[in-house]
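**Student:** Modelling step: build the complete structure from the supplied sequences, incorporating the hints.
Top line first, the protein sequences correspond to chains E and X.
Each residue of the first sequence is one higher than the last, beginning at 1 in the numbering used here.
Each residue of the second sequence is one higher than the last, beginning at 1 in the numbering used here.
Don't read these hints as lab results, they were simulated from the structure.
All residues carry an ideal CB built from backbone N, CA and C; glycine is no exception.
It cannot be assumed that every hint is accurate.
To be verified - Some chain E residues flagged as far from chain X (calculated, every beta-carbon gap over 10 Å):
1) 65
2) 81
3) 85
4) 112
5) 142
6) 197
7) 198
8) 233
9) 305
10) 346
11) 348
12) 366
13) 378
14) 459
15) 471
Claimed, not checked - If you want a taste of the chain X side facing chain E, the calculated C-beta under 10 Å gives, among others:
16) 121
17) 124
18) 129
19) 143
20) 145
21) 201
22) 203
23) 217
24) 228
25) 234
26) 346
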Amino acid sequence: MERLLQQPLRRRKAVAGLVAAGLSALLAAYYADSRVSSSSLDERTLFRHLLRRAGFGLAPNEVTTWQSLGWDNAVDRLVNYEQVANHDLEALLAQYHFDLTTPNGIRLWWLVRMAYTARPLEEKMTLFWHGLLTSSLGKATPSEMIRQNQFFREHALDNYGVILKGISRDVAMMRWLDLAENRVGHPNENYARELMELFTMGPGHYTEVDVREAARAFTGLVLRKDGNDYVSAFVPSQHDRGSKTFLGRTGNFGPDDIVDIILEQPATAPFLATKLLRFFVTPTPSPELVERIATTLQKTNYSIKAAVKDILLLPEFREPSAYRSLIKSPVEYLVGAIRQLGAHGNLQFAPQALKLMGQDLFAPPNVAGWPGGTSWLNSGTWLARLNAANTLVTQRAMVQFDFHSLLGDPLPQDPQGVVDRLAEVFVDGQLADPQRQILYDHAGPAAAYHQSPDQWLDQQGRSLVYLFLALPEYHLN
Amino acid sequence: MLSRRELLRASVVSLASGIVMPNLFARALEVAAADHRVSGPNAAVLDRTLIIIQLAGGNDGLNTVIPYQSGEYYAARPTLAIAPESVIPLNDQLGLHPSLSALHSLWSQGQLAIIDGVGYDHPSLSHFQAMDIWQTADPQLARHDGWLSKLVEGLVDSQGHPLSTVALGATLPPALCCPPTPPPVLENPKQFRLEADPRSVSLTKAREAALRQLYQAYQPPAPYAALLQATAESAALASVQMQQVLTSYQPSVSYPSTSLADGLKLFAALIAGGYGLRIGYIILGGFDTHALQADHHAQLLKTLGDAVAAFYADLQAKGHAQNTLVMTWSEFGRRVKENASHGTDHGTAAPLFVVGPGVKSGIYGEPPDLKNLDENGNLKFAVDFRSVYATVLAGWLEADPQAVLGQSFPQLPLF
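**Tutor:** This is the structure in structure tokens:
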């Protein structure tokens with residue numbers, strides 16, 4: 001109540017009246033003078049922003065640790081994650097015994113990694129690669145998909161050439177884009193085309209002849225039975241050894257030559273820079289920004305680590321215009337909620353929930369991956385997000401979280417204090433006054449809270465958490 | 001059947017299965033009504049429905065509507081060609097794939113139009129460019145709004161139907177992109193509802209009231225405010241009606257067990273139940289048959305034909321077939337010559353289907369000329385796809401095709 005009483009009475013009344021009447025125009029005018037200041041963001045907010053973009057958000061007790069490092073060191077720690085021990089995660093995974101030969105087994109295994117890793121950027125980049133260099137359970141087995149996923153994790157910040165050469169021999173990719181069907185004299189163009197259109201340059205930078213010649217260069221890659229699995233191999237006798245003319249160069253090119261020639265093309269670095277900037281910074285990166293990150297890629301032999309580090313250190317990354325400029329993907333939404341809640345338990349519901357939200361892991365809608373951005377949000381996916389939040393918050397037998405670690409000890413003095421602390425955890429405290437007032441009203445009077453805070457939290461507190469996970473602001477990144 | 005007024009009332013008072021926002025609802029109605037006054041093309045003025053079935057991946061047109069007298073066809077497809085005796089003949093040159101027997105029964109009833117050789121100049125062989133071209137009706141890729149978006153503007157139509165446009169799938173199809181209020185997109189209709197707090201009704205009611213206020217209070221210029229508000233509004237209204245539809249509909253026929261048939265059954269329920277469906281959009285994927293095509297493609301065509309036939313049988317029995325039109329499209333056909341993987345690579349022109357009692361049955365356009373291919377070994381087109389759009393816009397939806405498509409195209413005598 002203290003906080004409430006500090007506000008001018010006139011304003012409080014106005015808010016209550018407006019909300020009841022739903023007079024949107026007046027509310028907009030009110031909102032305009034009370035919204036988050038656009039001039040600058042405080043450090044704590046920026047660190048939460050950093051860890052949401054470079055990871056999946058922060059557990060309640062983590063923000064101070066990251067903030068105390070300072071920005072440059074925090075970015076160093078994020079990108080040099082191989083120096084960060086991940087024992088807790090490995091121990092947790094060992095407990096779960098997921099069956100990695102089933103679609104849901106591999107989905108849960110990865111979700112647990114994302115939710116509990118101490119190396120958030122490693123998993124975030126793995127998600128980036130899964131969305132860019134797509135493959136799907138539609139054509140590959142769960143074991144093959146998880147091997148691809150491990151490949152992305154092992155090379156998450158490697159050079160792009162290494163990643164592309166590896167993915168060209170990846171069993172799941174070879175199935176997904178028919179590389180295994182690509183034969184001398186009968187090239188299958190699927191992989192060659194998508195490599196250039198979707199993975200490296202974009203349309204307009206190559207011809208149909210280049211597609212065919214590249215397909216010839218990829219002949220000789222085959223799948224071989226190895227125990228119960230298939231492995232890939234390059235068989236020179238099955239390779240088209242004739243001369244190929246590709247993007248203006250002529251020679252007896254093989255798979256790796258094609259990748260090398262593509263990386264020399266002027267279109268490639270800006271293409272990849274744009275993908276990275278859209279993933280980490282803004283849906284509309286300026287040409288200058290693209291140029292800057294493209295230059296980094298070109299100067300460092302396409303080091304993804306160098307590019308991502310540059311991106312996280314960009315002044316533009318910290319500007320208010322970047323804040324909440326992205327829409328959370330379903331994985332970011334759900335894993336973020338689990339992480340921020342510090343929730344544990346049975347996550348069996350999560351793969352299906354993500355599918356309903358529009359992101360069926362290991363099964364992107366097509367080779368272009370998830371289109372992302374505003375396409376994440378429609379009435380169906382919005383309902384699915386809120387229903388997943390409902391499961392997290394109200395299925396106490398399935399998912400557990402502890403209000404004391406969420407709110408910090410000692411507990412807040414009153415329900416308004418609970419709202420304020422939750423606002424810190426879930427929306428960086430960046431909540432406009434009308435929103436905060438509605439949540440205060442929902443929290444109700446202090447008497448019930450004072451009688452038994454724990455009982456109150458288990459009832460009202462859970463409803464509040466649901467509302468935070470449902471907030472318009474919470475869908476943004 | 002519910003009258004529109006009853007429907008409207010039901011959705012406003014029904015709190016049990018979802019949140020309802022009477023104030024916002026009223027505002028959306030006004031906006032929709034205002035739009036209707038100022039904009040010419042509006043599907044909502046008519047009692048007609050257009051169902052779009054997207055065959056995603058590039059349907060092999062030559063193995064769908066088969067030139068079974070063409071020596072070139074059999075020469076180019078040594079393992080994939082459909083033998084003349086298996087083809088279901090339509091005339092002395094063309095016939096349907098044997099898996100399309102159900103669709104052929106609609107042909108026999110005079111309810112199937114086939115437009116052959118549909119494409120456009122300088123075709124793109126990229127799935128995504130080609131899909132964008134079809135969905136924006138712009139081969140230059142300069143437009144970003146979908147060709148149907150103008151028709152579906154407004155969350156509800158002028159009669160108050162939040163389900164006047166429904167897309168089934170995970171994301172909004174670019175063809176419907178992006179009116180200020182995105183139409184409902186459903187991955188699973190049964191789960192298209194806001195779940196209650198299992199702990200108590202009163203907790204559910206309290207949090208849904210707060211939720212409504214929180215979205216009302218999130219106003220521009222806050223980031224994505226218009227989109228978030230519109231999405232929440234649309235979800236709240238449409239989910240209530242959707243659950244009514246699902247619990248009340250009794251189809252007249254038994255539909256096949258495919259997700260395409262499930263989707264068409266839902267559309268039938270919306271049409272027959274008077275929920276005001278004007279545009280329904282559904283995707284059948286898997287047509288990118290680069291390898292081992294034969295069985296897979298046959299299965300896809302059977303899925304398509306059987307589902308469409310069941311849909312019309314159901315609507316016929318309910319008395320709504322006359323006002324419902326189905327149109328298929330695919331981003332391209334496939335290469336004339338099969339590849340070494342017993343599949344086909346990306347091609348160009350292909351046939352599409354327009355189905356319903358409202359259409360004049362027949363074959364339109366030009367059968368493919370396999371003797372006159374382009375430099376990539378692909379078919380040349382005979383009918384610009386935008387002519388098909390113009391035909392459907394003018395002849396079926398009574399919209400102004402030039403206003404929607406930005407230029408005028410010759411129309412086909414389909415209606």
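**Student:** If a hint holds in the structure, say so; if it doesn't, say that too.
**Tutor:** So, going through the hints one by one against the coordinates:
1. Once the 10 Å rule is applied to beta carbons, residue 65 of chain E is consistent with being away from chain X; the minimum gap is 28 Å.
2. Once the 10 Å rule is applied to beta carbons, residue 81 of chain E is consistent with being away from chain X; the minimum gap is 30 Å.
3. Distance check for residue 85 of chain E against chain X: the nearest CB is about 37 Å away, which clears 10 Å, and the non-interface claim stands.
4. Taking the minimum C-beta to C-beta distance to chain X, about 24 Å, the non-interface status of residue 112 of chain E holds against the 10 Å cut.
5. Listed as outside the interface, residue 142 of chain E is consistent with that label: its C-beta sits roughly 20 Å from the nearest C-beta of chain X, beyond the 10 Å cut-off.
6. Against the 10 Å criterion, residue 197 of chain E falls within the reach of chain X, whose nearest CB is about 5 Å from its own CB.
7. A beta-carbon of chain X is positioned within 10 Å of the beta-carbon of residue 198 of chain E; the least distance is around 8 Å.
8. For residue 233 of chain E, the condition that its CB be more than 10 Å from all CB atoms of chain X holds, with the nearest at approximately 18 Å.
9. Separation of residue 305 of chain E from chain X is adequate, the least Cβ-Cβ distance of about 29 Å exceeding the 10 Å criterion.
10. Non-interface status of residue 346 of chain E relative to chain X is upheld: no Cβ of that chain comes within 10 Å, the nearest being about 16 Å off.
11. Residue-level check passed: residue 348 of chain E sits 16 Å from the nearest beta carbon of chain X, beyond 10 Å.
12. Against the 10 Å criterion, residue 366 of chain E falls within the reach of chain X, whose nearest CB is about 7 Å from its own CB.
13. In this structure residue 378 of chain E is not separated from chain X by more than 10 Å, as the shortest Cβ-Cβ distance comes to only about 4 Å.
14. Not every beta carbon of chain X lies more than 10 Å from that of residue 459 of chain E, the smallest distance being close to 7 Å; the non-interface claim is violated.
15. Against the 10 Å criterion, residue 471 of chain E falls within the reach of chain X, whose nearest CB is about 6 Å from its own CB.
16. Restraint check, residue 121 of chain X versus chain E: the minimum CB separation of about 16 Å is more than 10 Å; hint violated.
17. Interface restraint check: residue 124 of chain X against chain E, minimum CB-CB distance 7 Å, threshold 10 Å, status holds.
18. Satisfaction of the interface hint for residue 129 of chain X is found here, the shortest Cβ-Cβ separation to chain E being roughly 6 Å, below the 10 Å cut-off.
19. Given the 10 Å rule on beta carbons, the hint for residue 143 of chain X is violated: about 16 Å separates it from the nearest Cβ of chain E.
20. At about 13 Å, the closest approach between the beta carbon of residue 145 of chain X and any beta carbon in chain E exceeds 10 Å, and the interface hint on this residue is violated.
21. Annotation: interface hint on residue 201 of chain X violated; nearest CB of chain E at approximately 13 Å, more than 10 Å.
22. Evaluation of the residue 203 of chain X hint against chain E yields a held restraint, the C-beta minimum of about 6 Å falling below 10 Å.
23. Taking 10 Å as the C-beta contact cut-off toward chain E, the hint placing residue 217 of chain X at the interface holds, the least distance being around 4 Å.
24. Hint on residue 228 of chain X holds. Least Cβ distance to chain E is approximately 4 Å, under the 10 Å limit.
25. For residue 234 of chain X, the interface hint holds, since its Cβ comes within 10 Å of a Cβ in chain E; the closest pair sits about 4 Å apart.
26. Satisfaction of the interface hint for residue 346 of chain X is found here, the shortest Cβ-Cβ separation to chain E being roughly 7 Å, below the 10 Å cut-off.
The structure shown violates the earlier hints numbered 6, 7, 12, 13, 14, 15, 16, 19, 20, 21.
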